[in-house]
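> Dock chain B against the given chain A, drawing on the hints supplied.
2 protein chains.
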Amino acid sequence: MKRNIRTIALALVFFLCGAFTTGLIINRKSTMNLLDNKKVAQVAIIVKDIEKSAAAYAELFNTDVPGISVSQEPAGKPTLYEGEHTQARAKLAFFNLENVQIELIQPVDKPSTWNDFLEKHGEGIHHIAFWVDGMKKHVNMFKDAGMPEVQSGGWDGGEYSYIDAGDKLGIVIELLENYNK
Amino acid sequence: MKRNIRTIALALVFFLCGAFTTGLIINRKSTMNLLDNKKVAQVAIIVKDIEKSAAAYAELFNTDVPGISVSQEPAGKPTLYEGEHTQARAKLAFFNLENVQIELIQPVDKPSTWNDFLEKHGEGIHHIAFWVDGMKKHVNMFKDAGMPEVQSGGWDGGEYSYIDAGDKLGIVIELLENYNK
Chain A
1 MKRNIRTIAL ALVFFLCGAF TTGLIINRKS TMNLLDNKKV AQVAIIVKDI
51 EKSAAAYAEL FNTDVPGISV SQEPAGKPTL YEGEHTQARA KLAFFNLENV
101 QIELIQPVDK PSTWNDFLEK HGEGIHHIAF WVDGMKKHVN MFKDAGMPEV
151 QSGGWDGGEY SYIDAGDKLG IVIELLENYN K
Chain B
182 MKRNIRTIAL ALVFFLCGAF TTGLIINRKS TMNLLDNKKV AQVAIIVKDI
232 EKSAAAYAEL FNTDVPGISV SQEPAGKPTL YEGEHTQARA KLAFFNLENV
282 QIELIQPVDK PSTWNDFLEK HGEGIHHIAF WVDGMKKHVN MFKDAGMPEV
332 QSGGWDGGEY SYIDAGDKLG IVIELLENYN K
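In order, the protein sequences belong to chains A and B. Position one of the first sequence corresponds to residue 1 (my numbering), numbered consecutively onward. Position one of the second sequence corresponds to residue 182 (my numbering), numbered consecutively onward.
Isolated chain A, as found in the complex (with noise of 0.2 Å):
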């Protein structure tokens, strides 16, 4: 009777120790997840010759021509290229759609994400944007999932990070953080 008991009692405690670590497993699943929204944000293109560009594209959306600003280099947000600091910088030029932002982006110097693109491809779509709740969090994650930090910055109310997905999506991805919403 008193060996049954003890199969019983340690029988229960494998079985609880197996609920426990598989509960665990689910738990981490869940907060794995790489994104915080399924919504693209921004569709951003590689140009040249920026004012030449939003002219052509606000023909195309029938539009204003918008105006050209400069990329930011807030105080305390330095804008790095694989961890190290860069003075280079993009003129940049958006046009809000119905469903999501497209963003011109020109490099201004080197070396950045924007340059690279430019020198091997030209022209073309550089990358696909989300906003994020938490960027260290979600830039670890998608490090941890061989998808490593290639650029950041910030702008005066949030910060950016260039993710190179290319050897598991084909693309670079960017995470967008807004401190004021």
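If you're looking for bench data, these hints aren't it; they were derived computationally from the structure. Small disclaimer: the values here were computed from a predicted structure and weren't measured. Nothing false has been slipped in among the hints.
Per the computed footprint, the stretches of chain B lying under chain A, defined by three or more beta-carbons under 8 Å from a beta-carbon of chain A, are:
1. 234–242
2. 271–281
3. 350–359
Every residue gets a Cβ at the ideal spot worked out from N, C-alpha and C, and that includes glycine.
Frame of chain A, contents of chain B only:
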């Protein structure tokens, strides 16, 4: 008095001619929209191995791995590349995100715009797509604007045209028309 009436009549004729011409110009402009809407329907990515990529994108989007289909050639709608019939096909996989559809495309055989991209750039973002009404009209408008069609074809229920907008926009644009809407 008579001269005054003649002057007024002449002024009226000039005014009406001016108004008519302006109306024609405005009307012409309003029918010259290259696109019918400002909504990106698809962002399409060329991949080498669609089974591998579909699994990787399913992990990115935390969703099921979609089925793989092959591009069609319905009766009366041959697949044309640079105006000539081509045997080229593509394996396709679709992810319906919240605001846009992501399409994975693995080129099969050649010549095609899909295979051109893969040979020139490797994997990457090939085009953005827009739904239109009246494919022929839109293809002609793009052609008149210096953006010729590079490939066309269809599926059971619709047709597509790839516009080589490289010179003007730095990208390929796909036009889609749905016969069953």
